[in-house]
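Peer 1: The primary structure of each chain is shown beneath.
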Amino acid sequence: MKFPVQTSPHVEADASVAGVMTTVLWALVPGTMAAVWLLGWGVLFNVALAVGAAWLAEALMLWLRARPFRPALMDRSVLITGWILALCLPNLAPWWLPVVGSLFAVVVAKQLYGGLGFNLFNPAMVGYVVLLVSFPEAMTRWGAAMEGGAADLSFGQAAAWTFAGVLPGGAGFDALSGATPLDQLRMVVTEGGNVTAMGSSIWSPGASWSLWLNLAFLAGGAWMLWRGAIRWHIPVAMLVGVSAMSALLWLIDPTQFASPAFHLMAGGVIFGALFVATDPVTASTTPRGRLVFGFGIGVLAVLIRSFGNYPDGVAFAVLLMNLAVPLIDYYTQPAVFGRKSGPLSGRRGES
Amino acid sequence: MPDARVSVSPGLFGFHGGLHVEDRKAPACDRPIADMPLVDEYILPLHMHIGAPAIPVVQAGDRVGRGQLLARPDDFVSAAIHAPTSGTIRAIEPRPLPHPGGLSAQSIVLEADGEDRAAEPFEPWPDYREKTPVEIRSRLREAGIVGLGGAVFPTAAKIATANPGGVETLVLNGVECESTISCDDRLMQEDPMAIVRGGQVLLHTVGAERCLIGIEDNKPLAVQAMQAAIDRLAAEEDERRFEIKVVPTIYPAGGEKQLIRSLTGIEIPRGRHVTDYRMLCLNVGTTAHCWRAVVEGRALTERIVTVTGGGVSHAQNFRVRIGTPMAKVIEAAGGYTQGVDRLLMGGPMMGFALHEDEVPVVKATNCLLAMRPADRDPTPPPQPCIRCSRCAEACPADLLPQQLYWYSRAEQLERAQDYHLFDCIECGVCSAVCPSHIPLVQYFRHAKTEIWYAERERAKAEHAKRRFEFHNERIERQKAEREAALAKKRAAIKAAQEKKEREEGGETAAEDKPAKKASGAAAGMSIEAARERARARKAQAQQTRESSDATGSSERGGADKGEDE
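Line by line, the protein sequences give chains S and C. Positions in the first sequence are counted from 1; adding 508 to them yields the numbering used here. Positions in the second sequence are counted from 1; adding 580 to them yields the numbering used here.
Just chain S, with the same shape it has in the complex:
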């Protein structure tokens, strides 16, 4: 009897790329729900628009590149890109902002590099940075959180604002706007004021929304860790990097630099550590390399926040460290079997 021939092993993983991506998508749900609750319906529009645009952009690029649709569209990675980008955008963003960001992220940062697995930079962060640089005004349309702010808008009112730029009663945008803690910090610093009070302001009732939001993201992160979709190295190293760098600056001059607690809680640090920096394609792959990669992002993020022109630095820090990944991977290879310099290995068995 004759048989067709296949190479070993004849065992297959029951895991799949789509499975990993689905875990991440579920992990984004609690944070997104908290964001909608705290920051209003605008967040949901952002997510819907960004995800939809990302998916269509992927389909379009696959068609242009003459690639099969099914595997790439079914792996769900593009949904994550759109979703993560959306969660970085201001809650009162106009409708085209998530769309443009998603298009750039998917078309340029992902598909032009060769699609999933071949992109050098985190696509969501590329989209975000492009928006930040190109549309600085639209990117500052943060509505105040919780009661009395954007969360008070009804679904219809929020939709009217997002798609038509109309607020109820013809009110101006200023009626809803509220500076983010990082914007406030930047203002105080540029005015030469003392930032000592900022550290505690993050815990004040008016700003406690970021605490709730971060807790929701942490819950999602815990789920991903438990399901094995991410490893602990990058998030932990990044948080350590943020703490270490901000503590250093804060100890040097507490009137000029915010406290580590403020840096950890404000802006995209927790979200970035769990959902952005952990993107496996653009992150380091070795255990030690992941520690270096995460730590580097943390340090750079604080430096950019403290000395750069933009209020938050997580996106820039991620992109900079993406560039360093091939180098990090090469120099952090684990010792190969039989080449470890331990007390036991490589030892000649002398009696």
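Rather than coming from a laboratory, the hints here were simulated on the basis of the structure. Do not rely on the hints blindly, as some may be mistaken.
[To be verified] Sample of chain C residues facing chain S (criterion: CB under 7 Å; computed from the structure): (1) Glu847; (2) Pro849; (3) Glu936; (4) Pro1015; (5) Gln1022.
[As the list claims (entries may be wrong)] Listing some non-contacts, in silico: residues in chain C with all C-beta distances to chain S over 10 Å: (6) Pro617; (7) Leu618; (8) Thr712; (9) Leu813; (10) Ala1065; (11) Ala1072.
Virtual Cβ for every residue (Gly too), placed ideally from N, Cα, C.
With chain S held as given, fit chain C onto it using these hints.
Peer 2: Chain C alone, transformed into the frame defined by chain S:
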């Protein structure tokens, strides 16, 4: 009792990574070993071990008895082959091999006469303790003993790599980590004494002080039987050198280096022998055959083969004569079931798929695994690598398969070697955990082959270049030698002439002149002739050089032209 576990021995060191593979040893592991009935024809490939192919010592038409030598080892690393039963040599001809590439190779074809008449050529040595290690080693070599765990490395050569008295620990490998194989499990249950006795022979041969027997914790009956055998020897002969080490069930715990690391914490680097670390590791089946070869004087003519998988009707272990066609073994196991579409030699992780079942059972055949699509995990098409590193977390060699894949795929082979491509043991764990379902091991095998090919080509080009340079040098040297000889000759003639002139100086001018002319003409002619000869030689040399150039470049083939300069 597939779920029963014994407790793992304390003080083990473990190893990095590994994979929990679903246990599929039942029902074969619960059934006793059956004797495979004799068949009409046996096919014995001359090359069924690591090393040089054996050299036939019989001819077509010879009548042979069971155990009679058919082919002798050709080299230090080579193994003898013996007749599995009595009969007539039909032919020595190329036959298909059980080989992933579906190759054929020179094989001895034996037509059985059904009498199974024994011609045991070896004298039993019940008093093996009085034999020297060298005598025992040559017995193992003559009896054709090779590693039966699947590697088929000649056991005598393996033992010989140890310095005299240089082995401290003998490790017997009864781990059997492939999820479908149970031939060692059954052997340990049914004939533990042969293994422990074989261990004693080996301890004596290499002068080791202790023997560790590694067994996975999913084989409680084997552990029990082996422990009983050890206890019996302890009671009867005060034998206290044996100790069973129960290791956790995780693939590839039975890899030689992984097992040694588990038991001793010592990692043996690539390119080093286990014996460099004062250890020797042998499979339990091999050990039992060492006992039979030395003490009972029997050659290796049979082995235990697990026949299993959803593709056969009655999974069981069989004691099969080497050379039996696999189709007959499958028949003995009740034949194929409906829908079988894959036949493996070995387990699901490292076994290779056979092109056909008309190939013989060889010394390496530990398992025949017949599969239907339903017995396998679905194989979705590969997707891009998302660099999730699950492969690196599972790699028992501590490699980074995702990087190796990247560089192998891009044919950046030097970079792949920087990432220690050649430390890959091809265990298949990375492929089996990959969520993108990339056949990683296949990429690595391909990359290794490419590198070997490039190295061979480079060596060839280097050789041709050296030959060419040597050839040029020789031509130059010959030319110089010829010129030197010519100059010497000229000087000699001139000297002779002058001498003659001086001697004839007193004679008359009339007499002198024609004589001088004649001798001058003779000298001129001889110079002319020498020049002619030199020219002819040069032309011939030129011709040789051109033809050698042609051979050189044709040998170089497609190699890098830069090497020529």
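Peer 1: Next, verify each hint and record whether it holds.
Peer 2: Now for the hints, and whether the structure bears them out:
Interface restraint check: C/Glu847 against chain S, minimum CB-CB distance 4 Å, threshold 7 Å, status holds. Given hint, C/Pro849 at the interface with chain S, holds; its Cβ is 3 Å from that chain's nearest Cβ, closer than 7 Å. Hint status for C/Glu936 relative to chain S: holds, with the closest Cβ pair at about 5 Å, below 7 Å. The interface hint given for C/Pro1015 holds, since its Cβ lies 4 Å from the closest Cβ of chain S, which is under the 7 Å cut-off.
The interface hint given for C/Gln1022 is met, as the beta carbon of that residue sits about 5 Å from the closest beta carbon of chain S, less than 7 Å. The non-interface label for C/Pro617 is consistent with chain S: the shortest C-beta to C-beta separation is roughly 20 Å, beyond 10 Å. Residue-level check passed: C/Leu618 sits 22 Å from the nearest beta carbon of chain S, beyond 10 Å. No Cβ of chain S approaches the Cβ of C/Thr712 within 10 Å, the least distance being about 23 Å, so the stated non-interface status holds.
Even its closest Cβ contact with chain S, about 24 Å, leaves C/Leu813 beyond 10 Å, as expected for a residue assigned away from the interface. Under the 10 Å C-beta cut-off, the non-interface status given to C/Ala1065 relative to chain S holds; the minimum distance is some 60 Å. Under the 10 Å C-beta cut-off, the non-interface status given to C/Ala1072 relative to chain S holds; the minimum distance is some 69 Å.
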